[in-house]
Amino acid sequence: MDSFPVTTRRHHEMVDITRQVSRIIAESKVIEGMAVVYSPHTTAGIAINEHCDPDVVHDALLWMERQVPRIQPGFRHGEGNSDSHIKAIMTGASATLIVHKGAPVLGTWQGIFFCEFDGPRTRTVHVQVLGEKAE
Amino acid sequence: MDSFPVTTRRHHEMVDITRQVSRIIAESKVIEGMAVVYSPHTTAGIAINEHCDPDVVHDALLWMERQVPRIQPGFRHGEGNSDSHIKAIMTGASATLIVHKGAPVLGTWQGIFFCEFDGPRTRTVHVQVLGEKAE
Amino acid sequence: MDSFPVTTRRHHEMVDITRQVSRIIAESKVIEGMAVVYSPHTTAGIAINEHCDPDVVHDALLWMERQVPRIQPGFRHGEGNSDSHIKAIMTGASATLIVHKGAPVLGTWQGIFFCEFDGPRTRTVHVQVLGEKAE
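So the sequences go chain by chain: V, W and L. Take any residue in the first sequence, note its place counting from 1, add 49, and you have its number in our numbering. Take any residue in the second sequence, note its place counting from 1, add 49, and you have its number in our numbering. Take any residue in the third sequence, note its place counting from 1, add 49, and you have its number in our numbering.
Worth double-checking, as some hints may not be accurate.
Note: identical chains are not told apart, hence a pair may lie in one copy or across any two.
Stated by the list, open to error - The calculated DSSO-like cross-link candidates involving lysine-lysine, where the alpha carbons are at most 30 Å apart (straight line), are:
{"hint": "1", "residue 1": "K78", "residue 2": "K150"}
{"hint": "2", "residue 1": "K182", "residue 2": "K150"}
{"hint": "3", "residue 1": "K182", "residue 2": "K78"}
Hint data in this document are derived by calculation from the structure and do not stem from the laboratory.
The following block holds chain V by itself, in its conformation from the complex (with noise of 0.2 Å):
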């Protein structure tokens, strides 16, 4: 297992982790197999979508924040950040991606984002890679 931080500066954000990502899965020598990204966090997730056009992550992240009020009636938790809880349940804890030809399988316009539902804050992402290694 390889894990890197990452530094959010937004309450609410997608952080690009292509980069460190696809490094981590280049160091660990695995040809053919499977890349689990992982937020070991409860109100941040972990997405992949649109990179190249910011428009995308901007709109998807207004979306949550309407669908996701902050304050609603009934809720309880003492912390008032109930909605950040929800947002990273359903963008899901982790990302599993393929790995072929030593590195992630993705589409031409997708990266892989740390998304940010409580921050500013320095958070942590774990990457751990199976399969076959080059001889």
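Dock chains W and L against chain V, hints included.
This is chains W and L only, laid out in the frame that chain V set:
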């Protein structure tokens, strides 16, 4: 593959299954690898989130019930539980964990939940662990 | 890794790909392990849910279209399909399956779906299988 039953007691419920999953991983003898926690049901899912304060789960379920009302104009499914299926799609049928030093990698506040969206029932959870075993 | 094409016929559509995925798993000769089913697209995802009654899929797509309207105040993405990206984030780009006795472990009612959110198009699905092979 290993499996265990989960008995749910309410219509919507998130049951903490961290202990059962951790034991299966320990018994697998896998030291470095991955684990898939899988729900073979179409009205239940698996999620990872805060398992220390039960109010987080309360708020997440409250949001989901509001977001996906049981009765909606245009719904066709004869069993009348399309909302349960939709919530299962939202959380996902599985969670993928990193196994490191013989244990699942979980953040300080993270637990693994079986998410019941059409209970109470007796359900099943499957766990598959893959990776390098201790010699 | 193995891949196959999926031709979608509608703007929003969930296409049952259980047969194709099961065949790739069978051909991999893996007896115990995992499989990742992956969509390399940013406006399509992978989901596991009921594939016996098509009304479930109908209701799920209806809910998603209502939940994420195509036109929303504040949306910036020039292509005008941010709703498709958001739905892809919600379902996720992949599903991870358990492979047991040479086949994917699926519940009685479960099937694997390619979720098109910006069709009709010709798309691609990748499948990677990892684990112990038959001798």
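* **Violations among the numbered hints** => none
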